[in-house]
Amino acid sequence: MAVTLTDSVLKDIHRRMVRIRRFEETAGKMMENGKIPGALHLYVGEEAVASGVMVHLSNQDQITSTHRGHGHLIAKGGAFDRMFAELYGKATGYCKGKGGSMHISNLEVGMLGANGIVGGGPPIAMGAGFSNKFRKTKNVACCFFGDGASNEGSFHEAANMAGLYKLPVIFVCENNGYGEYTPQRNHQAIVDVADRAAGYGMPGVVVDGMDAVAVYEAAGEAIARARAGEGPTLLECKTYRYYDHVGVRGMGLTYRTDDELAEWKKRDPIELFESRLQEQKIMSAAEIKAVHDETLAEIDAAIQFAESSPFPDASAILEDVYA
Amino acid sequence: MAVTLTDSVLKDIHRRMVRIRRFEETAGKMMENGKIPGALHLYVGEEAVASGVMVHLSNQDQITSTHRGHGHLIAKGGAFDRMFAELYGKATGYCKGKGGSMHISNLEVGMLGANGIVGGGPPIAMGAGFSNKFRKTKNVACCFFGDGASNEGSFHEAANMAGLYKLPVIFVCENNGYGEYTPQRNHQAIVDVADRAAGYGMPGVVVDGMDAVAVYEAAGEAIARARAGEGPTLLECKTYRYYDHVGVRGMGLTYRTDDELAEWKKRDPIELFESRLQEQKIMSAAEIKAVHDETLAEIDAAIQFAESSPFPDASAILEDVYA
Amino acid sequence: MAEAVATPVANKARTLTYVAAINEAVRIVLQEQPNSFVAGEDVGGAGGVYGYYHGLQKEFGADRVFDTPISEEGIIGLGVGAGATGCRPVIDLMFMDFMGECMDEIANQLAKMRYMFGGRATLPVTVLTMAGAGASLAAQHSQSLEAWLCHLPGVKIAMACDPYDAKGLIISAARDDNPVFVVLNKMSLAMKGEVPEGAYTVPLGKAKIVRPGTNYTIVSWGRMVHECKAAAEKLKAFGIDAEVIDPRTLQPLDLPAVIQSVKKTHRCMIVHEAVRFGGFGGEIASQIQELAFDYLDAPVARVGAPFSPVPFSPALEKHYVPNADSIVAGVKAQLGL
Amino acid sequence: MAEAVATPVANKARTLTYVAAINEAVRIVLQEQPNSFVAGEDVGGAGGVYGYYHGLQKEFGADRVFDTPISEEGIIGLGVGAGATGCRPVIDLMFMDFMGECMDEIANQLAKMRYMFGGRATLPVTVLTMAGAGASLAAQHSQSLEAWLCHLPGVKIAMACDPYDAKGLIISAARDDNPVFVVLNKMSLAMKGEVPEGAYTVPLGKAKIVRPGTNYTIVSWGRMVHECKAAAEKLKAFGIDAEVIDPRTLQPLDLPAVIQSVKKTHRCMIVHEAVRFGGFGGEIASQIQELAFDYLDAPVARVGAPFSPVPFSPALEKHYVPNADSIVAGVKAQLGL
Ligand SMILES: Cc1ncc(C[n+]2csc(CCOP(=O)(O)OP(=O)(O)O)c2C)c(N)n1
Ligand SMILES: Cc1ncc(C[n+]2csc(CCOP(=O)(O)OP(=O)(O)O)c2C)c(N)n1
Ligand SMILES: [Mg+2]
Ligand SMILES: [Mg+2]
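Going line by line, the protein sequences match chains S, P, W and C.
Taking our numbering, the leading residue of the first sequence gets 21, the next gets one more, and so forth.
Taking our numbering, the leading residue of the second sequence gets 21, the next gets one more, and so forth.
Taking our numbering, the leading residue of the third sequence gets 27, the next gets one more, and so forth.
Taking our numbering, the leading residue of the fourth sequence gets 27, the next gets one more, and so forth.
There are no misleading hints in this set.
In silico DSS-like links for lysine-lysine, alpha-carbon gap of 25 Å or less: (1) S:K55 to C:K344; (2) C:K232 to C:K290; (3) S:K156 to W:K84; (4) W:K290 to W:K358; (5) C:K84 to P:K156; (6) P:K55 to W:K212; (7) W:K344 to P:K55; (8) W:K255 to W:K289; (9) P:K31 to P:K301; (10) P:K309 to P:K31; (11) W:K260 to W:K290; (12) P:K158 to P:K186; (13) C:K289 to W:K358; (14) W:K289 to C:K358; (15) P:K186 to C:K84; (16) C:K212 to S:K55; (17) S:K186 to W:K84.
Covered stretches of chain C, as calculated for chain P (at least 3 residues, CB under 8 Å): (18) 87 to 97; (19) 102 to 108; (20) 128 to 137; (21) 146 to 159.
These are calculated hints, taken from the structure and not from any lab test.
Note that the coordinates shown come from a computational prediction; the quantities given were computed from them, not determined experimentally.
Ideal Cβ placement from N, Cα and C applies to all residues, glycine included.
Whenever a hint applies, use it, and build me the whole structure from the sequences.
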């Protein structure tokens, strides 16, 4: 049963995108302020993908994510306070500080973890999709992965098995044109990752990943097919990340041009969407601003929560290894 | 520079096929007689593939093989005596008895080994293809692999890299319809493995793998492209194995029907080829018989060699671990 | 501490082969646990290349016992994803040698997911796999790689030396809420032994005194347990009455049982089929000398395979794999007999 | 036997960072060996995510220093196939944690091809990879997995503790005709040390006495060597004058150097950053007690990481990774001080 594009759905998508953007910008700042240890891979620029897909999903539907996972968790319903606490390495974080950015997760909302292994998600999502079918639910599993990840053998094996068993899995390729600092043309001889779908007996669809409505519609179709037992889809969303591969300014490498970045920013997914909302009189400028303001207030409170939370005790090291 | 289909090429292909068939039937017998230890995966039925490809190759061109590797080595120029000695586990074998059937190899003729790991060959062939290009040779690397192996991540990664770097590699899929006892429809949702080629930016070609001339022609084109620097090809040959997955009669499972086997045998690659040779007056029945007889005599001598060769001494265990 | 030698069981015992015991165990698991399934290469139609799963697809249906593509990383991933979302997968990894194909899925996902998520994921995944040399299957189909798993927090490892243990360990593994590997041995497939009917468990983390003894301790697992028993008989001629202990699981490891024995016998040896260098024997030997230093009359000895891949030729392989004679030779060298 | 502490070199020494030393070594390898090339994720355009390969693509061209897809099995396979056919590949495996993705290619192909082929293949392949915790990179980017490799006949393993060794070990590895892993540590990247100009080697299989001592032996490798040196200073207060030995390569392993030291000092400890349980320390400890049993005044002690994945939070990680204090505590516990 596909969700139809009502005003409330549009507002929902918008809210998710804003929440991701604001969270990520704050996270970037906090990292630069030395508050967040480790590696941070920001999702800014790609918000339309997570939001356009996730609006179709319930907490019983699962997703797998990547190293660039905050956006997925936010769009899936993750709470800012527990997320920031995790990024800070605090005991109150979603993973009690054991996972951090690269393993942030919340199984209660069906988010099976960010993953530090490129290509780590597809086999797990395939397994979750199998589980959904095996347990005779109508749930789907959505697997987010990058253009770079599409070259891992794990993607191939998972896609083949999903196609073979007609599993309710949507392989959402977030093609941002780069795997770290390597442009797509230097990591694969194809332009559309979706061209691989035919090899697994599933449809391959390409959409504009900066256009949340396009993502929403294509994802809706794929998810409806999956829920109907018609098997997986490979949905490729062409998108772009605004910040560097890791952190905000990264290593200062010149692997892409300012012009290219500027060109993509002209089609910023949130600005595009907000113009549309205003043009179509679905939300006023003030209403839009209110979403941003509420989000920022929630972030302030979440930062407060994270900063005032305790670090885990050393004794926690040996806990949670086994059930 | 493609080889043209002269009479002598036809005779050459024929001779290779006969050599494989006769060797394999003898090997099967010797296994049943308890002379050959371990696991034996016979190539009988698939001779047209190895022979149709290998006739294009020199000793400087490399191949990688599979667990079903005798046919590849024979077609590439392996000597019966050294091969049988290896299957017997003798010190005079190609691998001094350390490899056996699943690792039989002869680097002098460019045969980079049978491989006990399904999907073990593609990355190695890709590496050899890279080496050919890097060292500025015109050599090619041919990678033989099964329909079952096409589901390993290693195939995916190797194919993507070969496509990306435009390497002189021919991925020869020997699609015999089964991975062990699992029919293709139970291991992948596609009919033609060649459909995967598009995902790697290379052409995918399907040929009748029982027709050595068809294989010869398609392989010739792919190899010529590779030598010309135009990159890899995925060449799928539809074929069939006559004996069981392992050994001669195997485990006696009923995973395929006698009818199916009979149907394929009607198109036996050697019989088909011999009829054609006779029809086209390229070889007479007597000449054909002579090829078989010579082969059988060579096999007798090779068995003699293997049986009279010594087993390796226990001290050999610790040799050849390091250079 | 170690279990008594003759494990008393309520059920009537019969003699079954190792393969039949595995089959029975998996059948019980499928009966007991509605969310369990068996996935692996050729486990469905063929019933497994060694017949462990014979008849199970017919009995439980192709939804619950099914063939997978040759995709080891995918297969373990199927276990991780399904295990984390309410299923209790039983995954067949045909040969232990193929762990290399799925080691990321094992080491970085299966073993770590629970910990990385702060204990908020549970992975009740059983992996059955087959180790061992002796069948002339050469370097890629003969390895004993339990050391890779033992160094990996988050998984448990059981080594089944006979039909009784195979059945009991598989049932324990499947009832456990953690990833558990049950390592089987290809040279034991036809071995017969008493196996009670119905469900019983061999507890994870409890060693078994396979042969009681008074003045020497041998710790071993998997098929080598039988070679050690044979060696113990031969050692009698040298006045050695060896106690043979099979830890049965290497993680959790019943070290107290080992230490208790060594404190009594003062001399000991670890025997495993894996390559000696860097093998798990090193861990146990180290712990023994740490925990029972003052009780040792001789250094802790170890017997394992030499430092090479497994050779194909039977002429080499028979010298490669440890056996009763090489164990006896090791004891004699250790004690200067 | 172990090399002298101050390795005399003809060339003028300068101070370089670990990263710069690596870079210089790889440059020398590319200069020396026309059939060598460097392949790995982001090694070309970006010069490596930690800058090891900075400037090399520009200098040697994109044919010889190039980016690969994110395909670890493919990358090691590239090394195997090219190495067996006349090239001398230098392969970058960004993080050692990613070995799981390519363990089949490492264990079943790279390590075994020569043996399986009866010695008729040669694989001069160098793999550079980075281990180590301490940067809050959590469970999948912080591991020290050398134990997997040490149990694997057919590969050599070098552990580079400082800039000097990093350069010399890489050059040795690349000149060697075997697969050699050079394991680097991510917490040492900015470390500075004296590094001679030009080509020199640190021989594979020769331990180094990092700090001479008289009554205690510490064996350690990689970054832990420095923690051991610091611990040795602290131990002086307890009348302990510790000799710190870095084997530099774990395969081949310079056991004679270790045994010689232990026979002199009578007490010893193995320290590694890897998880203690099942780690390579067990092998060394076992061998020490086998070969120097009568010389030992106390059990061989081991310090390593606890039995859990590497936690993310700095609050946990700082207690997880061994350091000078935990080493001192280990010695005190061992000796009852
Ligand atoms: C198995 C593995 N290989 C390499 C890496 C290092 N790495 C982290 S992110 C990344 C790039 C991933 O590219 P892509 O999949 O396109 O995702 P993006 O970062 O563009 O979102 C790489 C190579 C890793 N984490 N895991
Ligand atoms: C990595 C790995 N997985 C599984 C096996 C067991 N196995 C050996 S041959 C085979 C079937 C291979 O099928 P295919 O690639 O189609 O080749 P065919 O036997 O049909 O020639 C399997 C599953 C193996 N040897 N290696
Ligand atoms: Mg990308
Ligand atoms: Mg096949």
